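Listed here are the chains, written in short residue letters.
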Amino acid sequence: MTNLVRMTGIEKRFPGVHALKAVSFELDSGEVHALMGENGAGKSTLMKILSGIYPKDGGELLIEGRDVVPDSPRAAQDLGIGIIHQELSLMNDLTVAQNIFIGREPRKRFGLLDEAALNAQATEIFRSMNLNMNPKTVVGELTIARQQMVEIAKALSYRSKVLIMDEPTAALNDAEIAELFTIIRRLKADGVGIIYISHKMDELKQIADRVTVMRDGAYVGTVGAAETPVSKIISMMVGREVTNDPVTVPDLSEAETVLEVRGLNRGKEIRDVSFSVRKGEILGFAGLMGAGRTEVARAIFGADPRDGGEIRVHGKPCAISKPSDAVRAGIGYLSEDRKHFGLATGMDVRTNVALASLDRFSSRLGVLNEEAMRKTAQDYIGKLEIRTPSDRQEVRLLSGGNQQKVVIAKWLYRDCDILIFDEPTRGIDVGAKSEIYKLLKNLAGEGRAVIVISSELPEVMRLSHRIAVMCEGRLTGILPGGEQTSQEDIMHLATLRAPSMQPEGYQQ
Amino acid sequence: MTAVNSTTPPSLLGRLVEAGAHQKLLAFASLILLLVGFSIASPNFMQTSNMIAILQATSVNGVLAVAATLVIITGGIDLSVGTLMTFCAVIAGVVLTNLGLPLPLGVIAAIATGAFCGLCSGTFIAKMKIPPFIATLGMMLILKGLSLVISGTRPIYFNDTPGFDQISRGSLIGDIFPGLPIPNGVLILFLVAGTAAYILGRTVLGRYTFALGSNEEAVRLSGVNTDFWKMSVYALAGSICGIAGILIASRLNSAQPALGLGYELEAIAAVVIGGTSLSGGRGTVLGTLIGALIMAVLTNGLRVLSVAQEWQTVVTGAIIILAVYADMVRRRRA
Chain A
1 MTNLVRMTGI EKRFPGVHAL KAVSFELDSG EVHALMGENG AGKSTLMKIL
51 SGIYPKDGGE LLIEGRDVVP DSPRAAQDLG IGIIHQELSL MNDLTVAQNI
101 FIGREPRKRF GLLDEAALNA QATEIFRSMN LNMNPKTVVG ELTIARQQMV
151 EIAKALSYRS KVLIMDEPTA ALNDAEIAEL FTIIRRLKAD GVGIIYISHK
201 MDELKQIADR VTVMRDGAYV GTVGAAETPV SKIISMMVGR EVTNDPVTVP
251 DLSEAETVLE VRGLNRGKEI RDVSFSVRKG EILGFAGLMG AGRTEVARAI
301 FGADPRDGGE IRVHGKPCAI SKPSDAVRAG IGYLSEDRKH FGLATGMDVR
351 TNVALASLDR FSSRLGVLNE EAMRKTAQDY IGKLEIRTPS DRQEVRLLSG
401 GNQQKVVIAK WLYRDCDILI FDEPTRGIDV GAKSEIYKLL KNLAGEGRAV
451 IVISSELPEV MRLSHRIAVM CEGRLTGILP GGEQTSQEDI MHLATLRAPS
501 MQPEGYQQ
Chain B
1 MTAVNSTTPP SLLGRLVEAG AHQKLLAFAS LILLLVGFSI ASPNFMQTSN
51 MIAILQATSV NGVLAVAATL VIITGGIDLS VGTLMTFCAV IAGVVLTNLG
101 LPLPLGVIAA IATGAFCGLC SGTFIAKMKI PPFIATLGMM LILKGLSLVI
151 SGTRPIYFND TPGFDQISRG SLIGDIFPGL PIPNGVLILF LVAGTAAYIL
201 GRTVLGRYTF ALGSNEEAVR LSGVNTDFWK MSVYALAGSI CGIAGILIAS
251 RLNSAQPALG LGYELEAIAA VVIGGTSLSG GRGTVLGTLI GALIMAVLTN
301 GLRVLSVAQE WQTVVTGAII ILAVYADMVR RRRA
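Protein sequence lines, in the order shown, are assigned to chains A and B. The numbering of the first sequence is the UniProt record's numbering, which starts it at 1 and goes up by one. The numbering of the second sequence is the UniProt record's numbering, which starts it at 1 and goes up by one.
If you are wondering where the hints come from, they were derived from the structure by calculation, not from laboratory data. Just so you know, these numbers come straight off a predicted model, no measurement behind them. It cannot be assumed that every hint is accurate.
Quick list of in silico lysine-lysine cross-link-like pairs, DSBU-like style, CA-CA up to 30 Å [as the list claims (entries may be wrong)]:
#	chain 1	residue 1	chain 2	residue 2
1	A	K383	A	K438
2	A	K441	A	K316
3	A	K375	A	K339
4	A	K322	B	K127
5	A	K268	A	K205
6	A	K339	A	K322
7	A	K339	B	K129
8	A	K200	A	K383
9	A	K339	A	K438
10	A	K268	B	K129
11	A	K279	A	K441
12	B	K127	A	K339
13	B	K127	A	K268
14	A	K322	B	K129
15	A	K136	A	K188
16	A	K339	A	K441
One side only, chain A facing chain B, incomplete, derived with CB under 8 Å [unchecked claim]:
#	residue
17	F341
18	L343
19	T345
20	G346
21	L368
All residues carry an ideal CB built from backbone N, CA and C; glycine is no exception.
Could you put together the complete structure from these sequences and hints?
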């Protein structure tokens, strides 16, 4: 049987980088083939070659046995290769149908648009996906998950035989992931081959048939998804076995309460949230997407206004109305969206590390001491093992894990003793994840109060000394960390919608 | 996945210089080409007096363009630089001629007025969240109107203030080196540009100027009082417009209240030709200076060649589009 896609000996070089070294990959029709590897392993580069964005420097690409050279995204589309990028590329102000058929709108005479035909064709595609969606809805009004469905419909409208999905579940909650998987299974039954790029191991087990692992631009191997243990896949990715050491909960009953939040409220998003964190403690925040965890963090940090609630730092009431107030109180917030809210990506590591504390590097006239900034940046590059060629590297060129470390360095240098991490490992590969975990544990060990918001339960369970669970803006409970709490316990609270179950007042 | 990050990273400053360097090289080459071209076309062009005239013409526009550069690097825009310049000149006229106060007070009043008006624009933008384009468009009209109201729509002359015209027209350099009669206005332009470059490259304000243009929200979430710094940048730009106001009033020995509209677009054009990105985060003062010179050489050269004024405008417009296109092509290759 001929493979739907067969890539052998693919080579790609960029100036100074051997990005792909004789990589092989194959995909059969009706197969979900997961492509895994740490950031920088070459997955995206390989997919960009397949989808006609980059030309290959060597090797062979066969589609259904025919040797082809997709030299533009358009040519790849014509070959039946569709790609859904991690960052969705839809026009928010246009309708669903207009988005799907952008550039090839059905027309009437004199170049007039045929909206009726447009909507009918979109409806037809949704029917084939067994998806209930109104083609006239404006895309900006849809949830991310629904927007993703639109992207899939768009790819299918090109009669794609190959569908590349780059981290499709990154922004989805569990229910939405289930919906996505239903669609994927249906496509699979129709004979579409799907290349699935993801960092999430549990998803692979659910959806993938085979897994191909890449490392440092080279092909490592292809294994069956069902029969291969996760630890084996991870070790293929990182080149070493990763151990899952369970969390040890220290006795903090004597420790000072550093941050105390009482009766935090804002509209429907935050309803009467109260909790506290002690010195040296890691408090995890679990919950489904939209439960209000990020909102709580941003309200405490002063990034968004709040309707009510008291924040006490070191036992003293603290008026926080803007981020600079929070920073002065020693609170640092590390956003889930580093590129938009964490880093000045066009600027260098040195400036980003100093960004929250430039006043410390300036004379009374406001002249900067570059030498002191360089020393500080290099100090943190060493301490946090930030992999960067120099402190003058633009942060946008660093990997996700190293970008995160730059943000951490920024807050450490600012002497924040309360650190709120919002999805600290989002978009970070497995190897760098364990480094970030180690870092968080060390921060707590040094006596800082750490709050970790995460949508990945294993992450919350692995780190937290206590686990706060939220659902629809309410804090539905605080569970002890360690082995006595199971994923089921957390999920129970995360889906606990009855307001009568809301815990009263301050709890420990 | 970024594969192309192994080349040795240039420093931020080095990179800024470099990012601007190609463009500046290109801009600089265009400037030389224009100079050579006009010299060949007309023997009157390469006269010392004409060169001085070009520099003198650059002084006011150049100072305004430096002010615009600061604002544009934050990702904003300032449409009020031209009428603010005029307003500051009128204020100087009121202080010196109408009130008869001594010269330094007039200069200080003009610069303070500029800073205050810049602060107003900054407040509209930072505190009231009005988009820079709209806020400064409003300011532009308000200041144009106020200039006419205060002056009674008539020019204010500085005949009673001896030495006022020397601020721009005199030549300290020429007094020392008689062969080099560079007017003080040009000297002031270079002082302003040098100071602005120093502020951008070496101070907290400068660093935040770039950071605001690079990612304002990230800066705010770093606990930086972004409103304060943004207002500071607009105030600084405003005070530089005040200096431009003194320069133009000195050159004309009068405050002309009807003047000012159109200067803001010339300033923005000089900034853009100089390679500063309108989307913020990137830009250099040196590039802006070259951009301003190109505009001045072009206007002057076409006039020397007796090209009709209407056509001069057409050519200037075409040059702006060409300059930005050349920059785009270069960036795409890079």
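What hints, given by number in increasing order, does this structure fail? Hint check: 5 fails alone, others pass.
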